[in-house]
Amino acid sequence: MEHTNPTDAAPWRPRIVAFFCNWCTYTAADLAGVSRMKYAPNTRIIRVMCSGRVDPQFILEAFARGADGVLVGGCHPGDCHYVEGNYKMLRRYHLLQRILSDMGIEKERFRLEWISASEGDKVKSVINDMVEKLTGLGPLALPDQRAEWDREMDILEEKMSVAETAEKEGTHA
Amino acid sequence: MKENGEIRIGFYICHCGVNIASVIDVERIAAYAATLPGVVVSRHYKYMCSDPGQELLGSDIREHKLNRIVVAACSPLLHEHTFRKATENAGLNPYFMHMVNIREHGSWVHEDKELATGKAQDMIRAAIRRVRFHEPLEKKRVPVLQDVLVIGGGIAGIHASLTLANAGKHVILVEREPTIGGHMAQFDKTFPTLDCAACILTPKMTSVKDHPNITLWSYSEVVKIDGSVGNYTVTVKRKPRYVNEELCVGCMECIEACIYKEGKWPDEFNVGLSKRKPIYIPFPQAVPPVPVIDPEHCVHVKTGKCRDTCVAICGDRNAIDFTQKETLTDIKVGAIVVATGFDIFDATQIPYYGYGKYRNVYTALEAERLINASGPTGGELLLPDGHKPESIAIVHCVGSRDVHYNRWCSRVCCMYSLKLAHLIKERTGAEIYNFYIDMRAPGKSMEEFYNRVSEEGVHLIRGRVADITPQALPEGSDQGGYLGKLVVQAEDTLIGRVRKIPVDMVILAVGLVPQKDAEEVRRMLNISCSTGGFFLERHPKLAPVNTFTDGIFLAGACQGPKDIPDSVAQAGAAAAEALALIDAGSVEIEPNTAYIIEEDCSGCKSCIPLCPYTAISFDEAKKKAVINEALCKGCGTCVAACPSGSIRQHLFEDEEIFSEIDGLLTYA
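From first to last, the protein sequence lines stand for chains V and Y. 1 is the number of the first residue of the first sequence in the numbering used here; add one for each residue after it. 1 is the number of the first residue of the second sequence in the numbering used here; add one for each residue after it.
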């Protein structure tokens, strides 16, 4: 199956997709690297110019494709390289959290953090903390869940069509 | 968007010596990448950024007709430029190259080799998927304005201004205080050479005043900055000085003539150790050599009812002008040099050192003024009770190297403390005790200076001062205002004993801290700051005077504590960087701008208020939004917000990011 870990022997580890803004958080992650800070290897970072570029669809896509968590990193309020893109992300974050909670996705799985270019240690602590929390929550496995839902739907549809056929035959008789 | 034509991807993974290869299994990844769809060439190489590495990439592009390149190496912020150029040199559009950061975000931050390799594998799979959607893009060039703004007229700002002006560029130097000169003007002598600060600084100040290419706006502040590299619009607030700089000849008779016969208010230049009148000049060599009227205390400004003796004495020159108003002036510049300097640590924060409580505890800056011939005592070191101190303690690292205050070493305090020890000993013969944690004397001639001072009989005690308390005076004794001695207590860590030394005077070697309003200035400039609050350079080693905002450069202690030689060197570097930018006449702008697919735009106008640069307008005839790509800075906020998906962004297309997400999470 496409969405499971490559080897069955490997223990499950949370997978996090991170969207980091070029000017603050991506640079902070570079700083963490240059400073040789060690943190959990569960995060894969996608660079965007501004956290304001993070489309809610990116976050939903990441969850749908099997991410256990999504992290968005932007500049501190007032520090945005593009004046206020991070505020736009903040608004989307609050709206999205409501949608995600309706879908049964725990709020710890979607996180927005302000990390400035000098805060390499914060990249480390945020990622480690998030990995710890997600490890506690366990896999989200949305692709598996979706496959399960699809199966349920198929069964339901089949039952319906059987019922319909029976009904039709009943009227004929 | 569609993938165009046959995709032929070249994949390169860099060992970076052992930096990457010691943690990430580069050979395994190269073999893995070769199995991915579209990959024609997959290689690992010791140093991709080296000339042979770049040549390898180039020859592969030509030989294998590659049309997409993925380089897994260090951060794109470091070498994206290098590999784009290599790609371009081989005849391929540079934007067909994409970098994967497996060093800063990989081998340097993870220890588990298996997991780090797994992560790198995910990242390169994402990049190989992403790069399929890349399109050829053209960089835009925008013209660069030729004037430069320098903020701050201390030694760094002065040097940067003069360098730029000598290169034939017009410089606008904005200084907040009534005079340029900054902290250096307040010092007596400078370590380690013991040059007199005024002797070496004032000629440079005069050069600023006389230079045809420099417009000096003292007593002015930058209040707003708009625009971007090559084209900044800066609003400068010019405070009323009430003395016309054009008409004043600097005779200073108005100061003499003021209705206040004596100074009454703390003199800022002498750090409050003397008093000044409402009309004053900060110090004799001030530039511009024009008095300034303090509106808080001038009777005319406050009440309008003054005998105006200053106006009378000025006579026909008519330089005194009470009609001056605060003005806001807009200037346009191509580059900005920030040289806003530092502040000194507020010693009252450490209560047990008694600053502000005991009158014979001074900061080092106050001591500089006390021993300076133009200072409040004419250069004679006197205590407030009129006595000459016979014993003096100099406490190092006040507010520096201390987890409770500031962790950083302020770099200059050891040397200026030794300088003060030398100067005071030379002039007064007093016993000097320097209490230090470590004696830091790096740099040219510094260690020699330390040796010299220690041989002069200055007592150097290795120990952090724990307490400063007044010595009890005999009861009932009439001391005639005598302040008594202070007992300085420290553990001498070289002999392992606590020492209590009574002294007449204590000098606190206060550390360097960011300016009080550094935070507001930083936000106005849209630059970053380091943990301590000093402005952040783009790269600590390779771009020490650049900031993350193109066209804004740093000089001097606003970037971190530094001494005069380093400030001057950095100012020269900042001037050179600014010059390189503006002399080129135009600057390349990244093509990552937003654009609209007109037929998809529903004309909802959601995007228009989102743009901080007012780059989006509405075409009423067509009922469509229009993006002015010249104004767009490429943040992508409107792209994410467009409900119909009709706004797109070059280099950060939805397809590119979606394929990256899918690539990260798919185990093929």
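Hint data in this document are derived by calculation from the structure and do not stem from the laboratory. Every value quoted in this text rests on a predicted model; they were computed, and no experiment measured them. Glycine included, every Cβ here is placed at the ideal spot set by N, Cα and C. Hints should not be assumed to be uniformly reliable.
Derived Cβ-Cβ restraints for the label pairs, each shown as a range [stated by the list, open to error]: (1) V:N128 <-> Y:P52: 37 to 47 angstroms; (2) V:Q57 <-> Y:P136: 18 to 28 angstroms; (3) Y:F618 <-> V:K107: 48 to 58 angstroms; (4) Y:P136 <-> V:L95: 16 to 26 angstroms; (5) Y:I495 <-> V:L137: 56 to 66 angstroms; (6) Y:K623 <-> V:R98: 25 to 35 angstroms.
Keeping only pairs whose Cα atoms sit at most 30 angstroms apart, straight-line, the calculated DSS-like set for lysine-lysine is [claimed, not checked]: (7) V:K122 <-> Y:K239; (8) Y:K140 <-> Y:K239; (9) Y:K239 <-> V:K38.
Pulled from the structure, derived: some chain Y residues nowhere near chain V, Cβ distances all over 12 angstroms [stated by the list, open to error]: (10) A116; (11) R130; (12) N318; (13) C409; (14) G645.
Here is what the structure says about each hint:
no., hint, verdict
1, V:N128 <-> Y:P52: 37 to 47 angstroms, "39 angstroms, holds"
2, V:Q57 <-> Y:P136: 18 to 28 angstroms, "26 angstroms, holds"
3, Y:F618 <-> V:K107: 48 to 58 angstroms, "37 angstroms, violated"
4, Y:P136 <-> V:L95: 16 to 26 angstroms, "36 angstroms, violated"
5, Y:I495 <-> V:L137: 56 to 66 angstroms, "59 angstroms, holds"
6, Y:K623 <-> V:R98: 25 to 35 angstroms, "32 angstroms, holds"
7, V:K122 <-> Y:K239, "42 angstroms, violated"
8, Y:K140 <-> Y:K239, "40 angstroms, violated"
9, Y:K239 <-> V:K38, "51 angstroms, violated"
10, A116, "6 angstroms, violated"
11, R130, "9 angstroms, violated"
12, N318, "46 angstroms, holds"
13, C409, "18 angstroms, holds"
14, G645, "9 angstroms, violated"
Hint compliance for this structure: hints 3, 4, 7, 8, 9, 10, 11, 14 are not met, and every other hint is.
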